[in-house]
Amino acid sequence: MLDIAFKNIFRQRMRTFLTVLGIVIGIAAIIALGSISEGMNVMMQQNLEIIAGRIMVFEGEGSEGLTGLMSGFMTSKITDDHIAILKDVSGVKEVVPLVFYMGGGGTMFSANWQGIGIEPAKLNYFKGEKVYMHDGRELEEGDRGVVVIGKGVSDTYELVLGDYFTILDEDFEIIGIIERSDVQDIDSGVFVPLDDMLDVLNTDTYQLAYVIPEDLTEVELVAEWIEEADDDLYTISSIDIARQTSAIIGQIGIFTIGVGSIAAFVGGLGVMNTMIMAVMERRKEIGVMKAIGATNNAVLKQFLTESVMISFVGGVLGIILGLFGSFLLTLAFGGMMQMVVSPTLALGALIFAIVLGFIGGLYPSRSAAKLDPVDALRYE
Amino acid sequence: MTIQNVIEMRKVEKIYNQGLQSEIKVLKDIDLKIKEGEIVAIMGPSGSGKTTLLDIMGCLMKPTSGEVLIDGREIEKMDDDELAHIRGSKLGFIFQQYNLINTFTALENVEFAIRINGKSKDEARRRAVKLLKLVGLEYRLNNKPGQLSGGEQQRVAVARALANNPKVILGDELTGNLDTKTGEMIINLIKDLNKRKGYTIVIVTHDHYIGKQAERIIKLKDGEIIK
Numbered sequence: 001m002l003d004i005a006f007k008n009i010f011r012q013r014m015r016t017f018l019t020v021l022g023i024v025i026g027i028a029a030i031i032a033l034g035s036i037s038e039g040m041n042v043m044m045q046q047n048l049e050i051i052a053g054r055i056m057v058f059e060g061e062g063s064e065g066l067t068g069l070m071s072g073f074m075t076s077k078i079t080d081d082h083i084a085i086l087k088d089v090s091g092v093k094e095v096v097p098l099v100f101y102m103g104g105g106g107t108m109f110s111a112n113w114q115g116i117g118i119e120p121a122k123l124n125y126f127k128g129e130k131v132y133m134h135d136g137r138e139l140e141e142g143d144r145g146v147v148v149i150g151k152g153v154s155d156t157y158e159l160v161l162g163d164y165f166t167i168l169d170e171d172f173e174i175i176g177i178i179e180r181s182d183v184q185d186i187d188s189g190v191f192v193p194l195d196d197m198l199d200v201l202n203t204d205t206y207q208l209a210y211v212i213p214e215d216l217t218e219v220e221l222v223a224e225w226i227e228e229a230d231d232d233l234y235t236i237s238s239i240d241i242a243r244q245t246s247a248i249i250g251q252i253g254i255f256t257i258g259v260g261s262i263a264a265f266v267g268g269l270g271v272m273n274t275m276i277m278a279v280m281e282r283r284k285e286i287g288v289m290k291a292i293g294a295t296n297n298a299v300l301k302q303f304l305t306e307s308v309m310i311s312f313v314g315g316v317l318g319i320i321l322g323l324f325g326s327f328l329l330t331l332a333f334g335g336m337m338q339m340v341v342s343p344t345l346a347l348g349a350l351i352f353a354i355v356l357g358f359i360g361g362l363y364p365s366r367s368a369a370k371l372d373p374v375d376a377l378r379y380e
Numbered sequence: 381m382t383i384q385n386v387i388e389m390r391k392v393e394k395i396y397n398q399g400l401q402s403e404i405k406v407l408k409d410i411d412l413k414i415k416e417g418e419i420v421a422i423m424g425p426s427g428s429g430k431t432t433l434l435d436i437m438g439c440l441m442k443p444t445s446g447e448v449l450i451d452g453r454e455i456e457k458m459d460d461d462e463l464a465h466i467r468g469s470k471l472g473f474i475f476q477q478y479n480l481i482n483t484f485t486a487l488e489n490v491e492f493a494i495r496i497n498g499k500s501k502d503e504a505r506r507r508a509v510k511l512l513k514l515v516g517l518e519y520r521l522n523n524k525p526g527q528l529s530g531g532e533q534q535r536v537a538v539a540r541a542l543a544n545n546p547k548v549i550l551g552d553e554l555t556g557n558l559d560t561k562t563g564e565m566i567i568n569l570i571k572d573l574n575k576r577k578g579y580t581i582v583i584v585t586h587d588h589y590i591g592k593q594a595e596r597i598i599k600l601k602d603g604e605i606i607k
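If you read the protein sequences in the order shown, they are chains A and B. Here the first sequence is numbered in our numbering, starting from 1 and rising by one per residue. Here the second sequence is numbered in our numbering, starting from 381 and rising by one per residue.
Since the hints were made in silico from the structure, they are not lab data. C-beta: ideal position from N, C-alpha, C; glycine also. Please note that a few of the clues may not be correct.
[As the list claims (entries may be wrong)] Estimated spans, in silico, between C-beta atoms of each pair:
1) B:Arg-576 - A:Ile-320: 52 to 62 Å
2) A:Phe-10 - B:His-588: 21 to 31 Å
3) B:Thr-483 - A:Arg-366: 18 to 28 Å
4) B:His-588 - A:Lys-7: 54 to 64 Å
[Unchecked claim] To list a few chain B residues with every Cβ distance to chain A over 12 Å, as calculated:
5) Ile-419
6) Val-448
7) Gly-452
8) Ser-469
9) Ile-496
10) Arg-596
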């Protein structure tokens with residue numbers, strides 16, 4: 001009887017169109033807004049990959065997780081003495097001091113480039129061993145006056161090997177370009193030999209040190225030992241950050257999808273309204289249906305099919321519009337973040353649409369089914 | 381077994397608004413038998429209860445008291461679904477205002493009645509085409525009611541009434557909206573169906589010409605059979 005339901009919902013084209021539109025907007029909102037938190041999730045996973053198994057060490061009062069991370073970058077001053085202490089902590093394999101310099105350009109969320117001072121031979125501890133060079137070579141022990149840049153930086157500023165990159169009036173020859181990476185810190189990174197970076201910034205302290213433990217399963221334990229070794233130092237492990245960011249992303253997800261759901265719910269009320277109207281208009285027809293042998297259940301099914309059909313079509317079109325919306329959001333974020341619509345999100349939204357149609361259609365369909373055949377037939 | 385009586389009523393009463401001040405007794409002590417293959421007209425002035433009587437015969441409502449047997453089956457104890465099943469399988473309705481679904485074609489209107497009773501789309505289509513041919517509308521299959529004359533619409537309604545090969549066709553003022561000549565054509569069509577296929581016909585009418593076409597007239601006045 002699907003063909004009949006389909007025919008029936010097109011009796012009032014304009015009304016059906018508007019009703020479908022109500023669902024479309026709601027579902028599109030769920031998809032587009034939901035893609036923000038899903039995109040954040042993916043971005044977090046990628047960023048976690050580079051810090052996985054590493055302990056970030058900052059100097060200062062310190063606080064837990066993300067707040068500690070933020071304040072660490074602003075105020076932390078790790079000295080060579082601290083580095084020496086870190087190297088002595090048991091279970092520590094390697095210590096990588098880092099100095100950051102925020103470059104220019106880009107959006108308010110992210111700079112087009114970011115200078116990172118690192119001991120030349122330890123670049124792999126930052127970018128990971130499985131990220132290769134697009135062109136040129138990696139930094140090597142003893143390099144001075146040269147830089148390796150991310151592909152994003154090379155594309156943005158149209159830089160090739162042999163060009164010079166200027167940081168605070170100091171020119172550095174580009175000797176290597178790292179392949180395209182989804183990780184923002186690598187793609188927009190300008191990797192400078194640590195001593196050069198200290199000279200340029202006229203400082204002798206580091207904001208951050210990566211500590212690589214010998215046994216990756218003992219990250220938390222080594223972190224504890226570090227904090228015991230020196231009161232000035234505090235640590236943030238990738239696990240802390242993962243825990244905190246997913247909580248935040250989870251809340252953003254609940255909020256965004258919640259807003260979309262409210263819109264979709266209003267769309268569901270539209271379906272209900274449309275079906276109530278349809279039942280009123282087709283009262284006599286319901287009487288005829290019953291006279292020619294339709295059971296109450298058959299009448300119920302007929303109208304319920306129509307309302308679910310409306311919301312299903314709305315759901316499908318809503319997903320398409322939502323995908324488009326999430327694409328626009330990706331553009332709006334200037335490439336800093338890729339919005340992601342997972343199959344789970346799409347399927348969940350579609351099921352939600354169907355449920356809305358079902359619930360919205362239930363009351364009108366039941367009232368249609370319960371109509372007294374004689375009253376319905378004689379209704380003028 | 382007296383299956384020959386397709387409709388049988390014993391001491392049937394129908395009271396509206398029972399127990400209220402507005403209580404009204406529409407049918408009083410009705411006893412009647414309609415034999416298989418008969419053409420019966422129910423006549424009487426307005427308010428005499430003839431439509432109510434037809435509604436009860438049509439299993440659209442139950443009597444307040446008394447027994448009603450349709451093709452040998454008692455309907456008073458049936459639930460809504462069983463009544464619907466009896467309506468779908470034993471009875472066919474033709475209404476004064478045709479009551480076709482305006483957005484469906486002639487073919488779809490008949491098909492719908494067959495499909496509602498659980499037949500497949502293909503089977504329904506074959507049967508609907510056959511029935512529309514039987515009422516002489518094979519050239520109008522894909523026209524919607526708005527494109528058909530009153531007489532044609534009523535013929536679609538006749539085909540629909542035959543959709544599930546019923547025992548009894550119930551007509552409620554079925555020529556009331558038609559001019560005399562078209563009305564006669566519809567009556568002739570129904571008489572022909574009675575003769576060729578043996579359908580039992582019960583028609584409510586206040587038109588004496590149509591009354592005369594019936595083999596038997598049941599006259600009602602104030603809810604009682606007077607003849």
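We went through each hint and held it up to the structure:
1. Checked against the given bound of 52 to 62 Å, the beta carbons of B:Arg-576 and A:Ile-320, roughly 57 Å apart, stay inside it.
2. A:Phe-10 and B:His-588 have their C-beta atoms about 45 Å apart, which leaves the hinted 21 to 31 Å range violated.
3. Between B:Thr-483 and A:Arg-366 the C-beta distance comes to about 23 Å, which sits within the given range of 18 to 28 Å.
4. A hinted range of 54 to 64 Å is violated for the C-beta pair B:His-588 and A:Lys-7, which are about 42 Å apart.
5. Annotated as non-interface, B:Ile-419 keeps its C-beta farther than 12 Å from every C-beta of chain A; the closest such distance is 21 Å.
6. Residue-level check passed: B:Val-448 sits 15 Å from the nearest beta carbon of chain A, beyond 12 Å.
7. For B:Gly-452, the condition that its CB be more than 12 Å from all CB atoms of chain A holds, with the nearest at approximately 19 Å.
8. At roughly 7 Å, the least C-beta separation between B:Ser-469 and chain A is not larger than 12 Å, which violates its mark as non-interface.
9. Residue placement check: B:Ile-496 does not keep its beta carbon more than 12 Å from all beta carbons of chain A (closest about 5 Å).
10. Its beta-carbon lying about 24 Å from the closest one in chain A, B:Arg-596 satisfies the requirement of being farther than 12 Å from that chain.
The structure does not agree with the numbered hints 2, 4, 8, 9 stated previously, though it agrees with the rest.
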